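A.B. asks: Residue strings, one per chain:
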Amino acid sequence: GPKVLQIPSHQIIDMGQMVTLNCDPVSNHLYFYWYKQILGQQMEFLVNFYNGKVMEKSKLFKDQFSVERPDGSYFTLKIQPTALEDSAVYFCASSWDRSNTEVFFGKGTRLTVV
Amino acid sequence: GEQVEQLPSILRVQEGSSASINCTYENSASNYFPWYKQEPGENPKLIIDIRSNMERKQTQGLIVLLDKKAKRFSLHITDTQPGDSAMYFCAARGSALGRLHFGAGTQLIVIP
Chain S
53 GPKVLQIPSH
63 QIIDMGQMVT
73 LNCDPVSNHL
83 YFYWYKQILG
93 QQMEFLVNFY
103 NGKVMEKSKL
113 FKDQFSVERP
123 DGSYFTLKIQ
133 PTALEDSAVY
143 FCASSWDRSN
153 TEVFFGKGTR
163 LTVV
Chain Y
1213 GEQVEQLPSI
1223 LRVQEGSSAS
1233 INCTYENSAS
1243 NYFPWYKQEP
1253 GENPKLIIDI
1263 RSNMERKQTQ
1273 GLIVLLDKKA
1283 KRFSLHITDT
1293 QPGDSAMYFC
1303 AARGSALGRL
1313 HFGAGTQLIV
1323 IP
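Chain order of the listed sequences is S and Y.
Throughout the first sequence, residue numbering follows our numbering, covering 53 to 166 in sequence.
Throughout the second sequence, residue numbering follows our numbering, covering 1213 to 1324 in sequence.
Pulled out of the complex, with its shape left as it was, chain S reads as follows:
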């Protein structure tokens, strides 16, 4: 079936450094999402993105976070600078539309900030 690919699967980074998480969404999808999951807890919405713009973001989407998808390449989540509390698994997701179709999730990137 359709797959969302995330690179890398694991990333360890020093606090204060910048990190970019990469996502290759399902090829014909138009809506893209990032979710954050701390171990053993629920997935929490960060942001959704459509047509080159952020459509909606949550309180967890701090000023240090940014997203982009330049010219149909990877959909990226950048954190600059990172903080210890950013350690989590970040899931990228995509869907064809925003209301009626399935949202597909990637396997996540486990980010550890030390």
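Read the hints as simulated data drawn from the structure, not as lab findings.
Be aware that one or more of the hints could be misleading.
To be verified - Straight-line C-alpha distance at most 25 Å; calculated DMTMM-like pairs for lysine to aspartate or glutamate:
no. : chain 1 : residue 1 : chain 2 : residue 2
1   : Y       : Lys1280   : S       : Asp149
2   : S       : Lys111    : S       : Asp66
3   : Y       : Lys1269   : S       : Asp149
4   : Y       : Lys1249   : S       : Glu154
5   : Y       : Lys1283   : S       : Glu96
6   : S       : Lys105    : Y       : Glu1214
7   : Y       : Lys1257   : S       : Asp149
8   : S       : Lys159    : Y       : Glu1254
9   : S       : Lys55     : Y       : Glu1214
10  : S       : Lys109    : Y       : Glu1217
11  : S       : Lys130    : Y       : Glu1254
12  : S       : Lys111    : Y       : Glu1238
Said to hold, decoys possible - Between beta-carbon pairs, the in silico distance windows are:
no. : chain 1 : residue 1 : chain 2 : residue 2 : range
13  : S       : Trp148    : Y       : Glu1254   : 21 to 27 Å
14  : Y       : Ile1321   : S       : Gly68     : 36 to 42 Å
15  : S       : His62     : Y       : Leu1219   : 47 to 53 Å
If you're wondering where the values come from, they're calculated on a predicted model, not measured in any experiment.
From the three backbone atoms N, C-alpha and C, an ideal C-beta is built for every residue, glycine too.
Knowing the structure of chain S, use the given hints to seat chain Y on it.
C.D. replies: Only chain Y this time, still in chain S's reference frame:
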């Protein structure tokens, strides 16, 4: 409010019996309710969903019920197998922009 509450957090059942997971939501405008199964180290995978124009949906040993008045929806797994052991998340979509609100998850353990 947008919160989705999910219970129980852990569910142990004997192989062959049924398992039920319950979720409630706050936003009466929510219109789409997916259920995801997540195995360790894997991505959450959609197993069944229901839209607000339905009260019941069934597929391959899974039944979902939706009670819009009570703002409650539930997943029932009939004839559980060890392969059903995983984390299960309910979610509700209430935002017109596609955002899903997830429950805290249920760890289902099927005992052979």
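A.B. asks: Taking the hints in turn, state whether each one holds.
C.D. replies: Outcome of the hint check:
no. : hint                                : verdict
1   : Y:Lys1280 with S:Asp149             : 23 Å, holds
2   : S:Lys111 with S:Asp66               : 24 Å, holds
3   : Y:Lys1269 with S:Asp149             : 22 Å, holds
4   : Y:Lys1249 with S:Glu154             : 14 Å, holds
5   : Y:Lys1283 with S:Glu96              : 20 Å, holds
6   : S:Lys105 with Y:Glu1214             : 23 Å, holds
7   : Y:Lys1257 with S:Asp149             : 18 Å, holds
8   : S:Lys159 with Y:Glu1254             : 5 Å, holds
9   : S:Lys55 with Y:Glu1214              : 28 Å, violated
10  : S:Lys109 with Y:Glu1217             : 21 Å, holds
11  : S:Lys130 with Y:Glu1254             : 22 Å, holds
12  : S:Lys111 with Y:Glu1238             : 19 Å, holds
13  : S:Trp148 with Y:Glu1254: 21 to 27 Å : 22 Å, holds
14  : Y:Ile1321 with S:Gly68: 36 to 42 Å  : 41 Å, holds
15  : S:His62 with Y:Leu1219: 47 to 53 Å  : 32 Å, violated
Hints 9 and 15 from the earlier list are contradicted by this structure; the remaining hints agree with it.
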